[in-house]
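**Q** Sequence:
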Amino acid sequence: MSILTDLLNDVVADVDGVFLFSPSGSFHERFREADVDVVVVDTENVVDADTFVELPLAFDNVRDRIRFGVEGAIESGIVETGDAIACSVSVFDDDDADSVIRVRATEDMGAGIYDLFVDSRAEPGVIRDVFEVAIELGKKGQKGKPVGALFVVGDAGKVMNKSRPLSYNPFEKSHVHVGDPIVNVMLKEFSRLDGAFVISDSGKIVSAYRYLEPAAEGVDIPKGLGARHMAAGAITRDTNATAIVLSESDGLVRAFKGGRLILEVDPEAY
Numbered sequence: 066m067s068i069l070t071d072l073l074n075d076v077v078a079d080v081d082g083v084f085l086f087s088p089s090g091s092f093h094e095r096f097r098e099a100d101v102d103v104v105v106v107d108t109e110n111v112v113d114a115d116t117f118v119e120l121p122l123a124f125d126n127v128r129d130r131i132r133f134g135v136e137g138a139i140e141s142g143i144v145e146t147g148d149a150i151a152c153s154v155s156v157f158d159d160d161d162a163d164s165v166i167r168v169r170a171t172e173d174m175g176a177g178i179y180d181l182f183v184d185s186r187a188e189p190g191v192i193r194d195v196f197e198v199a200i201e202l203g204k205k206g207q208k209g210k211p212v213g214a215l216f217v218v219g220d221a222g223k224v225m226n227k228s229r230p231l232s233y234n235p236f237e238k239s240h241v242h243v244g245d246p247i248v249n250v251m252l253k254e255f256s257r258l259d260g261a262f263v264i265s266d267s268g269k270i271v272s273a274y275r276y277l278e279p280a281a282e283g284v285d286i287p288k289g290l291g292a293r294h295m296a297a298g299a300i301t302r303d304t305n306a307t308a309i310v311l312s313e314s315d316g317l318v319r320a321f322k323g324g325r326l327i328l329e330v331d332p333e334a335y
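Residues in the sequence shown are numbered consecutively from 66, following our numbering.
Read the hints as simulated data drawn from the structure, not as lab findings. Any given hint could be a false lead.
[Unchecked claim] Below, a list of computed lysine-lysine pairs in the DSSO-like style, where the Cα atoms sit at most 27 Å apart:
no.	residue 1	residue 2
1	Lys253	Lys269
2	Lys205	Lys269
3	Lys238	Lys227
4	Lys253	Lys238
5	Lys253	Lys227
6	Lys253	Lys205
7	Lys210	Lys253
8	Lys238	Lys269
9	Lys253	Lys204
10	Lys238	Lys223
11	Lys269	Lys204
12	Lys227	Lys288
13	Lys288	Lys204
14	Lys223	Lys253
The task is simple: from the sequences and hints, build the whole structure.
**A** If you want it as structure tokens, here you go:
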């Protein structure tokens, strides 16, 4: 047993904070007098924690849950890059914490993915589904060849008013939603053609082949990015939409909100 105790001690030794993921009230109470910073991470602050990070989604995947919790803490200034954190999480039992995982806050955890989900008009699950489509498309391309794609998510009525069709809209009379595996395959197939996808707050695919027409004046994007990125920045400045762009030239996935670039991710490293 002493060896097991040593192993657990190594996991929590010299940590800069303890993150409790979705703790019960009684479990959280046990940490009231802890001699290390305690942070509760959950979709709601049901235990009235002094230090709290909101998860935009419940995240079934433990790795995603921890990553978003740490990134949210970095964004909020609760932890800094380089800090070691002991995370108490439920892996097998939804009612009780059954695992402690040691992680270190790294620069890539501050990449902006948390900002992509928080305070977006579209439902967080919709943002996640579109983001995952872009990531997978960036990894595999279209028949082995790199492709570019632009997804505009949320505030679909305004987006449609600030765009025009380039071709027949295959989703005009349909009621399909992003996240359905068959629909995601359709999105990947249509991505090789020009124009943006427009997706509603709830995930309904409103249109494909849209040419975005907002004025680009005053939109500040990094040098080297082309018309697709400029359109993404401009449409999010003029509406409450979020734009997710897969670049054909460098293969990176970028996201825009409020007219600014908030995220840049290499699909192969994600």
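**Q** All hints are to be evaluated individually against the structure, with a verdict given for each.
**A** Evaluation of the provided hints:
1. Lys253 <-> Lys269: holds, 16 Å
2. Lys205 <-> Lys269: holds, 24 Å
3. Lys238 <-> Lys227: This hinted pair holds, its Cα atoms lying about 20 Å apart.
4. Lys253 <-> Lys238: OK: Lys253 and Lys238 at ~19 Å, within 27 Å.
5. Lys253 <-> Lys227: holds, 24 Å
6. Lys253 <-> Lys205: holds, 10 Å
7. Lys210 <-> Lys253: holds, 12 Å
8. Lys238 <-> Lys269: Holds - the C-alpha atoms of Lys269 and Lys238 are around 11 Å apart, at most 27 Å.
9. Lys253 <-> Lys204: Distance ~12 Å between Lys253 and Lys204 Cα, so the pair holds.
10. Lys238 <-> Lys223: At roughly 19 Å apart (the allowed maximum being 27 Å), Lys223 and Lys238 satisfy the hint.
11. Lys269 <-> Lys204: Holds, because 24 Å separates the two Cα atoms, which is no more than 27 Å.
12. Lys227 <-> Lys288: holds, 25 Å
13. Lys288 <-> Lys204: Judged against 27 Å, a Cα distance of about 24 Å means the pair holds.
14. Lys223 <-> Lys253: At roughly 24 Å apart (the allowed maximum being 27 Å), Lys253 and Lys223 satisfy the hint.
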